[in-house]
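Q: Spelled out from the first residue to the last, the chains are:
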Amino acid sequence: MRILTALLFALSFTLSAQVRPPIKFGVISKDELKMTVYEKDSSAAAVILFDVGESTLTGLSSTYTRHTRVKILTEAGLNYANVVVKFYKGNIGFLRDFKAVSYNLVNGAVEETKVEGENKFKEEFVEGIQVARMAIPKVRVGSVIEYKYEIELLRYFELRDWEFQHLIPCKWSEYKTHVTQAAEYHVQFLGYLSPHINEEKQDYCGALNDEVRQCKYNYWAMANVPAFREEPFISSYKNYISTVKFSLASINLPRRLPQIIMSSWENLRFRYFEETFAYGKVKNTLFLQKKAEELTKGLTHPDDKLVAIFNYVKDNLEWTRFYSYGTTKDPKKIMEEKKGSSGDINLILLSMLRYAGLPADPLLISTRDHGIVRQEIPSGSQFNSVLVMSDYKGKKTIIDATNKLLPLEFLPSNCLNGLGYLALDNGFKWVEVMQTSKTRNSVDLNLTLDENGNMNGKYASSLTGYEGQSGRQTISKEGLKIHLGETFKGKEILLRDTTVENLDKVNEPLKQSYNVTIAGHSQKAGEVIYIDPIVFSKQASNPFVLEERVYPIDFIHPKETILTLRLKVPDGYAVDELPQSKMSILPEGGGKFVYGASQNDGLITITSQLIVNRVLFTVEEYPNLREFYNIVVAKHNEQIVLKKISK
Amino acid sequence: MRRSIILFAFLTISWVGYSQNYNVATLPETLKKNANVIVRERNEKFIILAKDRATHSVHEVFTILNEKGKRYATKVLLYSPLQKITKFKGTVYDANGKEIRHLKSDDIYDQSAISGFSLYEDNRLKAAELAQGVYPYTAEFEYETEYKYLFYIPRFSLVHDEKVAVEKSRYTIQSPKKAMARYKLLNHNQQPIESIQNDIVTREWNFDNTPAFREESFSAELVDHVPGMLFGPTEFSFENYTGTMDSWANFGTWISSLSNDRKILPIKTKNEIEKITSGLPIEDKIKTVYEYLQSKTRYVSIQIGIGGFQPFSASVVDESGYGDCKALSNYTVSLLAAAGVKANYVLIQAGSDTNKMITDFPSSQFNHAVVAVPNGKDTLWLECTSQTNPFGYMGTFTGDRKALMITDGGAKVVHTPRYSENQNVQSRIGYVDLDVTGGAKATVITTYSGLQYEKEKLNFVLNSPDEQKKWIYRNTHVPNFDINNFSFANNKERIPSAIVSMDLYAKNYATSSGKRLFLNPNLMNRSTFLPGAIDHRTTPVITENGFVEVDTLHFKLPDGIYPEFIPPATEIKSVFGEYENSYHFDQGVLLYIRRIKIHKGVFPAESYTELINFYNRVGKSDQAKIVFLSKT
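Quick mapping for you: the protein sequence lines, in order, are chains E and F. Take the first sequence: its letter number 82 is residue 81 in numbering that gives the first Met the number 0, and every next letter is one higher. Take the second sequence: its letter number 569 is residue 568 in numbering that gives the first Met the number 0, and every next letter is one higher.
FYI, nobody ran anything at the bench for these hints, they're computed from the structure. For clarity, every value in this text was computed on a predicted model and none was experimentally measured. The C-beta atom is built at its ideal place from N, Cα and C for all residues, glycine as well. Check the hints yourself; a few may be wrong.
[As the list claims (entries may be wrong)] Below, a list of computed lysine-lysine pairs in the DSS-like style, where the Cα atoms sit at most 30 Å apart:
1) Lys237(E) x Lys468(F)
2) Lys170(E) x Lys468(F)
3) Lys33(E) x Lys103(F)
4) Lys284(F) x Lys490(E)
5) Lys103(F) x Lys337(E)
6) Lys170(E) x Lys469(F)
[Unchecked claim] In silico negatives: residues of chain E with every beta carbon more than 12 Å from chain F:
7) Phe97
8) Asp202
9) Ser246
10) Ala307
[Stated by the list, open to error] Some chain E residues near chain F, calculated using beta-carbon distances under 7 Å:
11) Glu74
12) Asn81
13) Val84
14) Lys85
15) Gln129
16) Arg132
17) Ala524
18) Asn629
19) Ala633
20) Gln638
Modelling step: build the complete structure from the supplied sequences, incorporating the hints.
A: In structure tokens:
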């Protein structure tokens, strides 16, 4: 019996933590007001006590209501008392019953303050979009606030997504939807937390007419949702917070042909070719054909043709920083203005490649800040940009012509975001958009140490991929001087005979070589000289400072840093101590650190090679990764000791 | 025949009037040198029509030489019910001066323009872009705004950015004799060409062929070097509030007139203030009122029409519990009055990189309001928009600058508190227990006082517990460490201070190589800053903040090792500051003391090399390592 009670108690405890709180506007408990700290996250500035949403789609209109209650715990949480609501304006969109209250405990009694008209503001944000703003009065640390509103949208099918997770913790978040059978939605649940309640049943809702009174009812709820906190090395927060998203698949009105909004991935291809891609328009642009022929005249190897066209498009069109997966303008106009969106530029590239008889197919993608593509939702709205799939060096290669400073084999890092949709003339294919060519930074030092501790000699570096891009960016935009200032920041260094190679040849490594005198990397103390041998690109601190990690680690692309020092020791000195060679690897070929130190006849060689091959690491691998970098940091700080040879 | 002559004459005139030769090739090298943008011509006109009406028109042509000048191809114009855009045109030309396209109404984007810090404003914006993909090209804009009030006349500055050269720029201000605009020349001596016609006074300035300016680090803001003019009306009217601006006293009188009837508190609040402050000494009364304000209100910015200058009334703030800087300051003045304390509303230019108040030219130069409470020789300063600001503290946002105190008789220029370098102290004491492998357990206690209270946004983090651990990680430059324990203490004194304590374990505090251990004793506060070299520096060197930092670190060494090398103590003295460090080894304990003092001040341009030299030497001294040898 006693055991049973204990069990029951334990059970009820876990359950009670997930029980729906009483939700009624204006009915508040003193406990909510007396609360001073949220026990599950004592650092929270505010906590959402409940956040309740409901959407009803009858076919005649879409109604969305939201009712939220927030406890303010610190001064930083006061901002949550300003409420902003966006909705469609005019004779189709309405905001109703926008009301809000603050509650305070005053001498043990609950003081309630309602929002009056003067605290509400409306503005037309841009044409068609209205914004209502409200500052809830009498809010201070300790207050509880509550607001509620209803938005109605006539004629349109709009089902709002629901975010269960926010920047502050939430004790209870729920969303109910009633969707007429006339509309079919694909539902997807994103994020790292799953709902505690996930129900679905048939129901009735407001009538379009009797035939479609049938509704599908869904109910999702999540209890004790932790605050979303940013971590280094993650992609867009949209890929992490727990959200339920809807995409309209079809509309089936009685006695009408069903309107398929989203049927299948196969269908997307046709629609893309017909509408968005504006294929016909591009095809009839003779001037592109002429240009393509002109550019490839006399070239026989397809790779040479590809490079010629790629360079032409890249050098002649500036990216406007807008993404699109179709063309946004007439190609002629794009070429005249010499600028365009990602779709404009890459589809011009694609057409010209085809005119030159090269393979070229559109690869639809979603950029990192636009979220990850879900294969289970066949919807074009998941994409926001397009790349070109062609052949290069005998293999399928994805290319992009929006970035003037990237070589052909490197895609802008914002494009590296999981799967892309390759639309072919006879079908479609999923392609992983990732960067396989490694970005390499290598620094080669050939130096001679003099007795005063100065190191003289040659510095040579070679940068490829994204490293080359950023080097070129600084040199071409800010000048070599600024670039050198950045490269040698904080160093006591004298540069002579500076040479920069391949500044304009982005397909080649950016090479720099200088004659240098470096001070400050050795210290003489009597008979001994101490040398700090990692002079450039030192991993001085661990990028993973925090002990805990919640989300996977995303390095975006593979990279490699190779440092080599050959140092001649001054006459009369011998090596007393040399760091030990060391190798450390990340599991499953994830990465490698190889540190070598050797000496031979007064010549010391130090090498450090740091490779990150794998782009994604799981949370479970985080301690490994952190320790891996600990080793790199430790080795990079080690010293060489020279001692005077006693005669 | 006659007809063709007329036509010819007309053509000639129009050619002179619109000399649209924007061919880039003809630009002189002197202007192109170091420039991103060249102002080909600019014609700005401000016309005061009456004391409550004005128009502002600009015709400007920019040749954009490279990507860094791109934003000059975008124009954003603000408007509101009181300020209407009556003309907005734009054309873009290629390098040969041939028109590419001109703006159509579809190209003009319209949006509400509510500043990030505001809940609501009645401002909107229209924006248009003429950017091209190839450089150079030329963008031309023509726009006109009608003002249904008069108060503020935009300041003129020949350029607003470095690397912008000017071929031709003209500024004209026109006003009726009886509502004359006033002006003040800034950074130049060019007197205007003046003409009077029908009681209308026109003043005109021309600035031609000015090469691009260069911004230099440790220097005053660009507007402090560049030729410009400050303007102000004499008589003016803003939504039926009429005033004169020929003296600060009159300016103050007008500001007072906006809030004279807005200081009445509900009787309940009045009684409560009387009750909680009665019998207290004056400073405690002020403090009690300030804390009452902080616990009861929050900052919400709402700006509509004259509401940009007129505070909400005290009773509205009392009722809603929020307001902007004006409303909350006016409310504070009212609360203090209820406590029997006389306080003044103060207008100020807030922010750390902001225009300085030009004290000898009464005009609207402010963006913020605070409260000053004269208390004998002392004056107490209150920032009323923050719930966490320490009582009496004016930090980098509003401290050490001129401001306008509104008084009964008008207004008076005052100076807000300045904290001396000896008050801005960061002092750190650390006990480090080192083991043979280089690992260390450390207890570190750091006190940040005066302006150091704001170091790396510490003042915000004090009130955001969820940011505190991250703050420590961000600002502790020890490689690879775990925090075992930490705490933040907040002493909200007149000169506030914060104490950050932490226990940490660092696996590689010192680097071990074979039989040696290398220790950089200054791992916590290394100066890595190096001012960039500048050829032919022209502007005075300005250091913004004066402060002192002291680090006292005790290292307890493991048995069996002894120092092989201890760097010599360093002392560096310069006009910019002083630095010293020292090492004492005694009975297994190494004591490291580092002290740096940076002076606030203005120094001649030539001294810049000394500044570089100073930071170089400090950086080098901070790198020094102690080497320990194992006895075995």
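Q: Going through the earlier hints one by one, which of them does the structure break, listed in rising order?
A: 3, 4, 13, 14 and 15
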